[in-house]
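A.B. asks: What follows is each chain in one-letter form.
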Amino acid sequence: MSTETAGGERESRRSGPLVRVTRWMENLSDTTYAYLLLLPVFVLLGSIAIYPLLRTFEMSLFAQTFTGLGEFVGPGNYVDLFTGNMDRYLPGQPTFLPQSFGIQGLVTSALTMTLLFAFVSVFFETIIGMGQALILDQDFYGRRWIRAAIIIPWAVPVVIQGMMFYLMFQPSIGFLTPPLADLGLLAPTNTLNDPASATFVIIVADIWKTSAFMALLILAGLQSIDRGLYDVAKVAGASKWQQFKHITFPLILPTIAVAVLFRSVAAMRVYGIIDIVSSCTVVPSLSCMVVESFFSGFNAAAGTIAFTTAAIIGLVVMSLILWQGEEAI
Amino acid sequence: MATIDDTDEPDGPLNRWVQRAIEDPERVYRALFYTAMIFFMVTTLFPFYWLLVLAVTPNSEIIGGGFIPEIELFGATVPFPLPVPQGFNPGAFVDVFREIPFHLYMLNSFALAVTTTIIVLVVASLAGYVFGRLEFPGRAVLMLAILAISYFPPAAFVVPLYDIFAGNAVNIPFTDVALFQSIELLNTPGSMVLPFSALFMPLSIFILTTFYGQIPDGLEDAARVEGTTRLGALFRVIMPLSAPGVATAAVLTFISVYNEYFFSSIMATSPQAGNWSPLVGGILSYQTQYTTSFNLMAAASVVGVLPMLILVVVAQERIVSGLTSGALKE
Numbered sequence: 001m002s003t004e005t006a007g008g009e010r011e012s013r014r015s016g017p018l019v020r021v022t023r024w025m026e027n028l029s030d031t032t033y034a035y036l037l038l039l040p041v042f043v044l045l046g047s048i049a050i051y052p053l054l055r056t057f058e059m060s061l062f063a064q065t066f067t068g069l070g071e072f073v074g075p076g077n078y079v080d081l082f083t084g085n086m087d088r089y090l091p092g093q094p095t096f097l098p099q100s101f102g103i104q105g106l107v108t109s110a111l112t113m114t115l116l117f118a119f120v121s122v123f124f125e126t127i128i129g130m131g132q133a134l135i136l137d138q139d140f141y142g143r144r145w146i147r148a149a150i151i152i153p154w155a156v157p158v159v160i161q162g163m164m165f166y167l168m169f170q171p172s173i174g175f176l177t178p179p180l181a182d183l184g185l186l187a188p189t190n191t192l193n194d195p196a197s198a199t200f201v202i203i204v205a206d207i208w209k210t211s212a213f214m215a216l217l218i219l220a221g222l223q224s225i226d227r228g229l230y231d232v233a234k235v236a237g238a239s240k241w242q243q244f245k246h247i248t249f250p251l252i253l254p255t256i257a258v259a260v261l262f263r264s265v266a267a268m269r270v271y272g273i274i275d276i277v278s279s280c281t282v283v284p285s286l287s288c289m290v291v292e293s294f295f296s297g298f299n300a301a302a303g304t305i306a307f308t309t310a311a312i313i314g315l316v317v318m319s320l321i322l323w324q325g326e327e328a329i
Numbered sequence: 001m002a003t004i005d006d007t008d009e010p011d012g013p014l015n016r017w018v019q020r021a022i023e024d025p026e027r028v029y030r031a032l033f034y035t036a037m038i039f040f041m042v043t044t045l046f047p048f049y050w051l052l053v054l055a056v057t058p059n060s061e062i063i064g065g066g067f068i069p070e071i072e073l074f075g076a077t078v079p080f081p082l083p084v085p086q087g088f089n090p091g092a093f094v095d096v097f098r099e100i101p102f103h104l105y106m107l108n109s110f111a112l113a114v115t116t117t118i119i120v121l122v123v124a125s126l127a128g129y130v131f132g133r134l135e136f137p138g139r140a141v142l143m144l145a146i147l148a149i150s151y152f153p154p155a156a157f158v159v160p161l162y163d164i165f166a167g168n169a170v171n172i173p174f175t176d177v178a179l180f181q182s183i184e185l186l187n188t189p190g191s192m193v194l195p196f197s198a199l200f201m202p203l204s205i206f207i208l209t210t211f212y213g214q215i216p217d218g219l220e221d222a223a224r225v226e227g228t229t230r231l232g233a234l235f236r237v238i239m240p241l242s243a244p245g246v247a248t249a250a251v252l253t254f255i256s257v258y259n260e261y262f263f264s265s266i267m268a269t270s271p272q273a274g275n276w277s278p279l280v281g282g283i284l285s286y287q288t289q290y291t292t293s294f295n296l297m298a299a300a301s302v303v304g305v306l307p308m309l310i311l312v313v314v315a316q317e318r319i320v321s322g323l324t325s326g327a328l329k330e
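Residue numbers (our numbering), protein chains in the order written: chain A, 1 to 329; chain B, 1 to 330.
Just so you know, the hints here were simulated from the structure itself, not pulled from any lab data. Predicted model only: the values in this text are computed from it and were never measured. All C-beta atoms in this analysis are idealised placements derived from N, C-alpha and C, irrespective of residue type, glycine included. Accuracy of the hints is not assured; some may be wrong.
Said to hold, decoys possible - On the chain A side, residues computed to face chain B include the following (Cβ under 10 Å):
id : residue
1  : GLN93
2  : SER239
3  : TYR271
4  : THR309
Build the full structure now, drawing on both the sequences and the hints.
C.D. replies: Quick look at the structure:
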């Protein structure tokens, strides 16, 4: 205040463009002001997310030929995609829908490989994350360091995570390949170019990296449980297993359900780890197919797969949000 | 239990342990607890150990394998449970910077991460203030829309974005009407910072909404009575008071950008440090150009992951609170 009186002029009497903007902003209604402050978010998300999404959809409505975009065909590409006519624009051997329901058929189909990857890795991540969370929930000396060690994989860059597992399973150096090949889990030679083996390695890599994330979510659920319940159970003579079965598990089940569904949606975006450990032509995730067909010059095919992926994920997220309702916020 | 009678004690350490465990089930849980803890420690830390083993092993020894030595144990020959280095050659950590300018790739990653973090903090602060402190029509719908967008796969955006960043015209969707000609952004920071900001902003918005919403109205009112502008109150009062929340959003954004793969590998078309290729480009160069220098790949990975290890140890609390509050909101 003293500085203003020293200037001999009150703030509201000053003029100039900055002051005018400030005064204009002061007099806005709450709603107008809210939308004004959200403007940068709208611009950023509008140009980087919504505009490209619309353009992707537009691209998917034009015929795909080997020379470029053809005439407008409406939903024709989506029909082609689900009848297998689009497969010739996919790089390498992969198809969109599985040709057979054996392991080989499932992992060489873009759709089922992605779903299989999401399902299997999230399943194990939940179980391992639950184990890690139960440990971190205890009070013991050095807990801080153990927690740091468990979180670390989550903070490892995807490219380095990929190098780790590439170097562990590369058949000419990896010491893990021969024993696992003996068990019949991996192909003994050319391991990372075999679709089933490469999918196995990629799932293991994803479980290693993302279990910690599940652990933290489940831990938050565990710590919100009223400790008094355990005291009551102890007095009643319940064993640790009974306490887990009747108190802990039912109370964290909703947290786990939401975490699992959102993690599955995120897992369906898998791309980087495949690109490093194996190659997109060997392990055909949906994101992989978009990138590969785009760089082969098949924009309509890329757009069709991209929009199909977005639609699948969008439907899951929308139904989740409707199911969770206001609680989601 | 200390009350066990010495004369009843069975023979052998295992039998003794079992006997005590039956009398005191607590011991079994404790044993299970430590076994599980050691198991998780070994599985999470083993890949780092493997990188170190490969990095210090001279490359000529790597192809031969034989990382699992046989050892003599009670007269029998058994394989040692951990791989050990074959020789010792720390020079790989120097060569990593000599073969390609690996430090420049890391600097690029830092520059991209810092720029993105600043943009995200400013934009998400405005949004967090709006969602956390103002009541207005459309609030819930907008938050849901931002949440939904954050779950769309980057692959759904990449093709048109690449076209724009390559300098093609920006058309109104579903028409041939060109809005404007874009400037070429591929191989510049812009082509990565823009997608990163859009991709990682939603999480920061949700974190900051929670923190800003918790500041009592009285403090903001007091600042306004003192003569602060509306924006001034946000940046001079609410943001400093929510310092832990801002730090959380900053740490998570920084880590996410440093770790990002999809746009980092696509938008930097030539993996050259001079073309703003980040860490991803540096490590992939070793995989594609030095295909048999496995010790260099491992050493580069060790160097590249060090900043994240330090950050996790230093900022552990922030990461945990950010991931749980942000993700449970979502």
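A.B. asks: Now tell me if each hint is right for this structure.
C.D. replies: These are the hints, each one checked on the structure:
1. GLN93: 20 Å, violated
2. SER239: 7 Å, holds
3. TYR271: Cβ of TYR271 of chain A sits 5 Å from chain B, so the hint holds.
4. THR309: Hint holds; THR309 of chain A Cβ to chain B Cβ min 5 Å, cut 10 Å.
Consistency with the previously given hints fails for number 1 only.
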